[in-house]
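Colleague: Each chain, letter by letter, is given below.
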Amino acid sequence: MAIRVEHELHERRRGRNLGMLGVLLALVAIVFGLTVVKVTNLDNIAQFERFDHAPRPLLDPEVQEAMRAATGAPAAAAEETGQ
Amino acid sequence: MTDQTAQTIPQEAQFGDYFALLKPRVMSLVVFTALVGLLVAPGTVHPYIAFVSILCIAVGAGASGALNMWWDADIDAVMRRTKRRPIPSGRVAPDEALGIGLALSGFSVILLGLAANWLAAAILAFTIFFYAVIYSMWLKRSTPQNIVIGGAAGAFPPLLGWACATGAVSLEAWLMFALIFMWTPPHFWALALFVKTDYGDAGIPMLTETHGRRATRNHILAYTLLLVPVSLGLALTSIGGPVYLATALVLNVLFLKGAWAIWRRSEEVAEADSYRTEKQVFKLSLTYLFLHFGALLAEAALRPWGLGGW
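Sequences listed follow chains A and B, in order. Going by my numbering, the first residue of the first sequence is number 1, and it counts up by one from there. Going by my numbering, the first residue of the second sequence is number 1001, and it counts up by one from there.
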């Protein structure tokens, strides 16, 4: 018995299945490309760590700015004390 | 299997049939106007973000087209122009079209939000809703002004492009929207005057049939008069300039002349020369829109050399 059974349905739907494969591969490529562009265009690459497994809002420039305004402490110091 | 049974099996849908649900011809206009909206906007957009944004807008427009075909399958089956579409011809099941329309709507809106910004995504979601629900489900079968209000759906792409680039909408973006919005009625009604449609058989109220051809001619002139200040007003904004103003002036004179000629003609005269003027104005309307957006693009392209804009 053949390991791979080719049904007539597979032949009939070959075109649309290949088309669907192409669409899904394109979607993966688009999302991957988008991720690369978004990450490499961050003002400070360290910001990427904001989303690294656990949220680290203290790395967010807006949060840092707010803390600077509230305490007058430098951003880096605020980050360290938050750890 | 006999020949008879073979004929009763519905034709297997191919990938192209699903693609046809997205109305690719309409998509080309959407892509062009959205791209212009994005490129003339102030600031710079990463080329890849711009590409993904335009792709999302095109897919969103296609999704609304699929939803439109799902809803209008009954009337598409009646009309000659549409009865070979994937659903009425039996190649694609209505539920499949609904599923594709909803899935692509969701994908395009979310991906646009992630790629560009959530304002653009919200406008895209509203555009899909407007075309599928407000136009297709409500206005199309209930009022002869369907094409006027429904035209807003086709007018959103440049606004969307602008929102993708800037994260906001401004006067310039709304004027680009207004340009397509005011252009749609004279463009469509010029076509309706010379094409023998079967909208009446499908129960769709078209102005030519509900109010007559004289009223349609009046409407063409009225909307063309309203279109002119929008077109020229755009020239005075930050995205206009001498090239756009010169282009708009020439095109508006020609379009007004054509609308005036249509208004002056009686149905007998038009029939005698096989609607020559109406056909010319319809062709001109296509050039009108293309060159307006082309001129805006030219202004943006010339700007780095200090030549575009005022």
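It is worth saying that the hints were derived from the structure and are not from the lab. All of these numbers come straight from a predicted model, not from anything done at the bench. Each residue gets a CB set at the ideal place from its N, CA and C atoms; glycine is no exception. Mixed in with the good hints, there may be bad ones.
Computed, partial: chain B to chain A, Cβ under 10 angstroms [to be verified]:
1) D1017
2) L1111
3) L1114
4) W1118
5) A1215
6) N1218
7) P1229
8) G1233
Okay, derived cross-link-like pairs now, SDA-like style, lysine to any residue, Cα gap no bigger than 25 angstroms in a straight line [said to hold, decoys possible]:
9) B:K1023 with A:D43
10) A:K38 with B:G1043
11) B:K1257 with B:A1301
12) A:K38 with B:L1114
13) A:K38 with B:V1045
14) B:K1023 with A:K38
15) B:K1279 with A:I30
Some chain A residues close to chain B (C-beta under 8 angstroms, calculated; not the full set) [said to hold, decoys possible]:
16) R13
17) A29
18) V37
Colleague: Hints first: check each against the structure and report whether it holds.
Modeller: Structure-based check of all given hints:
no. : hint                 : in the structure
1   : D1017                : 8 angstroms, holds
2   : L1111                : 8 angstroms, holds
3   : L1114                : 7 angstroms, holds
4   : W1118                : 14 angstroms, violated
5   : A1215                : 46 angstroms, violated
6   : N1218                : 47 angstroms, violated
7   : P1229                : 40 angstroms, violated
8   : G1233                : 36 angstroms, violated
9   : B:K1023 with A:D43   : 40 angstroms, violated
10  : A:K38 with B:G1043   : 17 angstroms, holds
11  : B:K1257 with B:A1301 : 31 angstroms, violated
12  : A:K38 with B:L1114   : 10 angstroms, holds
13  : A:K38 with B:V1045   : 12 angstroms, holds
14  : B:K1023 with A:K38   : 31 angstroms, violated
15  : B:K1279 with A:I30   : 42 angstroms, violated
16  : R13                  : 7 angstroms, holds
17  : A29                  : 11 angstroms, violated
18  : V37                  : 5 angstroms, holds
Of the numbered hints listed earlier, those contradicted by the structure are 4, 5, 6, 7, 8, 9, 11, 14, 15, 17.
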